[in-house]
Amino acid sequence: MNGIKVPLIEDELKIADFVTKGLTAAGAQVTHVTDGATGLKVALEDSHDILVLDIMLPAMNGIELMRELRVSGNSRPIIILSAKVDLEDRLESFQKGANDYLPKPFYVEELIARIKALTQRISSDSSDEIVYKNLTLDLVSRRVDWQGSSTILSPREFSLLGYLMRSPGNIYSRQQILKHVWAIDFDPETNVVDVCVLRIKRKLNRKNGSPASPIESVRGVGYRLAIEELE
Amino acid sequence: MKPSFKVVLFINILIASAIIIFVNRIAIQIFLPLQIKQELKTELINYIGECGKFLPDREDFLSCIQASEKISLIKGFTGRYVICSEKNTLKQNDACGNSLSPSVKWDGTQSAAEKEIQYAEIKIGKTQWLAGNFYGSTHERAVVLLSLDDMSLEISRMLRAYRDRNTIYVLPVIFLLILLMTWHVFNVAMRPIRQIDKSITTLDLKTFEIKTALVAPYREFLNIVNSFEGLRLRLIQNFEKARRFTADASHELRTPLTILRGNAEALIKDLQNGSNEQIRVQMVISEIDRLVTITQKLLWLSRADANKLNPVFQKINLSDLMEQWVLDAQSFNPNLKLTSEIQPKIMWKCDPTLIHQLIGNLYDNAVKYNVAKGWIHFRLKQNDNGFYLSIENPSSPLPAKFEKQAFDRFYRADDAHSRSIDGLGLGLSLCQEIANVHEAQLRVKVSDDGIVTFTLSDSLPPPKDDEIITF
Numbered sequence: 567m568n569g570i571k572v573p574l575i576e577d578e579l580k581i582a583d584f585v586t587k588g589l590t591a592a593g594a595q596v597t598h599v600t601d602g603a604t605g606l607k608v609a610l611e612d613s614h615d616i617l618v619l620d621i622m623l624p625a626m627n628g629i630e631l632m633r634e635l636r637v638s639g640n641s642r643p644i645i646i647l648s649a650k651v652d653l654e655d656r657l658e659s660f661q662k663g664a665n666d667y668l669p670k671p672f673y674v675e676e677l678i679a680r681i682k683a684l685t686q687r688i689s690s691d692s693s694d695e696i697v698y699k700n701l702t703l704d705l706v707s708r709r710v711d712w713q714g715s716s717t718i719l720s721p722r723e724f725s726l727l728g729y730l731m732r733s734p735g736n737i738y739s740r741q742q743i744l745k746h747v748w749a750i751d752f753d754p755e756t757n758v759v760d761v762c763v764l765r766i767k768r769k770l771n772r773k774n775g776s777p778a779s780p781i782e783s784v785r786g787v788g789y790r791l792a793i794e795e796l797e
Numbered sequence: 006m007k008p009s010f011k012v013v014l015f016i017n018i019l020i021a022s023a024i025i026i027f028v029n030r031i032a033i034q035i036f037l038p039l040q041i042k043q044e045l046k047t048e049l050i051n052y053i054g055e056c057g058k059f060l061p062d063r064e065d066f067l068s069c070i071q072a073s074e075k076i077s078l079i080k081g082f083t084g085r086y087v088i089c090s091e092k093n094t095l096k097q098n099d100a101c102g103n104s105l106s107p108s109v110k111w112d113g114t115q116s117a118a119e120k121e122i123q124y125a126e127i128k129i130g131k132t133q134w135l136a137g138n139f140y141g142s143t144h145e146r147a148v149v150l151l152s153l154d155d156m157s158l159e160i161s162r163m164l165r166a167y168r169d170r171n172t173i174y175v176l177p178v179i180f181l182l183i184l185l186m187t188w189h190v191f192n193v194a195m196r197p198i199r200q201i202d203k204s205i206t207t208l209d210l211k212t213f214e215i216k217t218a219l220v221a222p223y224r225e226f227l228n229i230v231n232s233f234e235g236l237r238l239r240l241i242q243n244f245e246k247a248r249r250f251t252a253d254a255s256h257e258l259r260t261p262l263t264i265l266r267g268n269a270e271a272l273i274k275d276l277q278n279g280s281n282e283q284i285r286v287q288m289v290i291s292e293i294d295r296l297v298t299i300t301q302k303l304l305w306l307s308r309a310d311a312n313k314l315n316p317v318f319q320k321i322n323l324s325d326l327m328e329q330w331v332l333d334a335q336s337f338n339p340n341l342k343l344t345s346e347i348q349p350k351i352m353w354k355c356d357p358t359l360i361h362q363l364i365g366n367l368y369d370n371a372v373k374y375n376v377a378k379g380w381i382h383f384r385l386k387q388n389d390n391g392f393y394l395s396i397e398n399p400s401s402p403l404p405a406k407f408e409k410q411a412f413d414r415f416y417r418a419d420d421a422h423s424r425s426i427d428g429l430g431l432g433l434s435l436c437q438e439i440a441n442v443h444e445a446q447l448r449v450k451v452s453d454d455g456i457v458t459f460t461l462s463d464s465l466p467p468p469k470d471d472e473i474i475t476f
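Residue numbers (our numbering), protein chains in the order written: chain A, 567 to 797; chain B, 6 to 476.
Chain A extracted, bound-state conformation (with noise of 0.2 Å):
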């Protein structure tokens, strides 16, 4: 995400605080402001990779910069985040010209990993890999290669996998993991999360012979893709 411009309108100053320093942290250069009518003026003027916009602002509302933004013939991607959770909120948004729509409250970097999914979808042909450094994970076929070696995950293995990928380094906690991977919203009090990356771990390491995996525990918090074993 290195360098990629991104517009975030957001009226709420301390949810623009640390979605900047998230988006920052990944390597976007981010443009805040806090109300509707100034952010379609920079979303018109400035060149940007993607629009990452809250639906209550003063001003002007996010539905009707967006179709302000569409009439213009502006059709870079759009991110929207609001506390409005309803179906027709999201396909109001939908029609009005959103890419994307995240609910509040969301994850940092479930935010990053959209963004990436969405910049990426534009600028490359391709989109049936996941690739970080060394370690890639085929969509379609769910085949993993890493180190040179190559196995077939399950489908749950593949789906924690993937989700570690989208936002390389971050800990993901069994919580977010559970609800990702088996769309679960409470805690079964089941180690299942454990068993099924150790099952990925098995099969990595069974076939390169190393103990090395690139999944990495954090005691007490949970998993992330362990980055330094991919350089």
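Warning: the hint list may mix true and false statements.
Lysine-lysine pairs mimicking DSSO-like chemistry, simulated, CA-CA at most 27 Å apart [as the list claims (entries may be wrong)]:
(1) B/Lys409 / B/Lys211
(2) B/Lys274 / A/Lys745
(3) B/Lys373 / B/Lys302
(4) B/Lys211 / A/Lys650
(5) B/Lys246 / A/Lys745
(6) A/Lys767 / B/Lys274
(7) B/Lys354 / A/Lys745
(8) B/Lys302 / B/Lys450
(9) A/Lys580 / B/Lys302
Here are some, though not all, of the chain B residues that point toward chain A, as calculated from beta-carbon distances under 10 Å [unchecked claim]:
(10) Ser255
(11) His256
(12) Ala271
(13) Lys274
(14) Asn278
(15) Ser280
(16) Ser291
(17) Asn338
(18) Asp369
(19) Val442
Simulated from the structure, these hints should not be mistaken for lab results. Keep in mind it's a predicted model, so treat the numbers as computed, not measured. From the three backbone atoms N, C-alpha and C, an ideal C-beta is built for every residue, glycine too.
Since the structure of chain A is provided, determine the placement of chain B on it from the hints.
For chain B alone, kept in the frame of chain A given last:
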């Protein structure tokens, strides 16, 4: 079962009609003879008065009487006349003797022109007589006596004949008329009630909107209609207030939760991996996530209250969905024995996201309230009415009211459970709302030996080759 107003009204009107007829007949029995007697007496007095001029000639008198236009009315009396004369030229008997007595009080006639004709009712022995006192063509005094007892017998005979004719011909017609009248009165009485009933049955029990406007057909119904409308509008307002409160609260919570989690996430990155501080911050994030889940559930429940869950219906392979859940459950809890009976290829039109949530909540419940080394049994089968899906597990003793209150919001099985088991008591309420929006039935049963079974059942659509979601 409630009695029918139609039947009660009908019976009451029939009884009232029967009473009216009965009273009428009694009145006829009592008063008609008296009336007839009076009228006949007047008629007789007139006829006798007309023919009295022929007296004391009995034959001329009787010929005059017989020549009367209304002879049929009094022909029965011709044999009962007693004609008396002062000169004793006619038959004398006790009646005559008594009638000619000076002690008899004679009434004047009706007409001043006939003042020589006088009348009296004389009782001689046991017989009641009507007597007419005349001064005939020869100016000789004569008295005509008629037996009123005989007249009463004749009247009774006439009435009996009339009654018999009435019973055969008139009464059935009256009865039919009463039936028709009753039916008509009933319909007229029921019309406004039916109108109100028709409006009220269009009431949507979820939104309290009414499709056919409720209007008072008559002023007697104004109060009841106004009361109902007032109540309905008040319910709509209260539900909307409750819904808005929950929705607004949920909405307002999202911003601070976003700030909390975002900053906690940023903090975690700044801390050393595996450090105690990082673990503590992760615990904070876990609790924030829990709050987010609760907020989401509250919002869903509020939308369900306002009938705005907005499910997106798609035809799915429910058997595949259940199979996936069983596989996942086996990964989640290897210490619980998991078994299943899943009939393949059971298709159902539903919102897959909501049903996934429902099964997840029931499974979560089965895990949390299970016993040590317990088990969970998943079942999906087709039956005559459609299908049923059940999740069954053993549980430690539950309160007697559990079956009734399990789906109440914030209900927890008991305090002992509540302390050790995580949860807010919203999961099963949400399951019930999801079942309702699918027009399916969700029930819970606790057996005597403590086996808890949650069952979801619904009718199935006929199989079609529509778009199917597979898992």
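If you draw a straight line from the CA of A/Lys767 to the CA of B/Lys274, is it 27 Å or shorter? Status holds; Cα separation ~24 Å.
Take a quick look at whether B/Lys211 and A/Lys650 sit within 27 Å of each other, Cα to Cα. 23 Å, holds
Is the interface hint satisfied for B/Asp369? The criterion is a beta-carbon contact with chain A at less than 10 Å. Hint holds; B/Asp369 Cβ to chain A Cβ min 5 Å, cut 10 Å.
Please check whether B/Ser291 passes as an interface residue: C-beta within 10 Å of a C-beta belonging to chain A. 6 Å, holds
Given the hint that B/Lys354 pairs with A/Lys745, test it: the Cα-Cα distance must not exceed 27 Å. The hint holds at about 25 Å.
Starting from A/Lys580, check that the Cα of B/Lys302 is at most 27 Å away, please. 25 Å, holds
Check whether the Cα positions of B/Lys302 and B/Lys450 lie no farther apart than 27 Å. Roughly 24 Å between the alpha carbons, so the hint for B/Lys302 and B/Lys450 holds.
For the pair supplied as a hint, B/Lys274 and A/Lys745, confirm whether the alpha-carbon distance does not exceed 27 Å. 21 Å, holds
Verify the interface restraint on B/Ala271: the C-beta must sit less than 10 Å from at least one C-beta of chain A. Since the shortest Cβ distance to chain A is 5 Å, the answer is holds.
Hint validity - B/His256 Cβ closer than 10 Å to any chain A Cβ: Holds: closest Cβ of chain A sits about 5 Å from B/His256, inside 10 Å.
B/Lys409 paired with B/Lys211 [C-alpha distance capped at 27 Å]: Holds, because 21 Å separates the two Cα atoms, which is no more than 27 Å.
Should the hint that B/Ser280 touches chain A count as held when the rule is a Cβ pair under 10 Å? 8 Å, holds
Hint check: violations occur at hints 5, 19; the rest are consistent with the structure.
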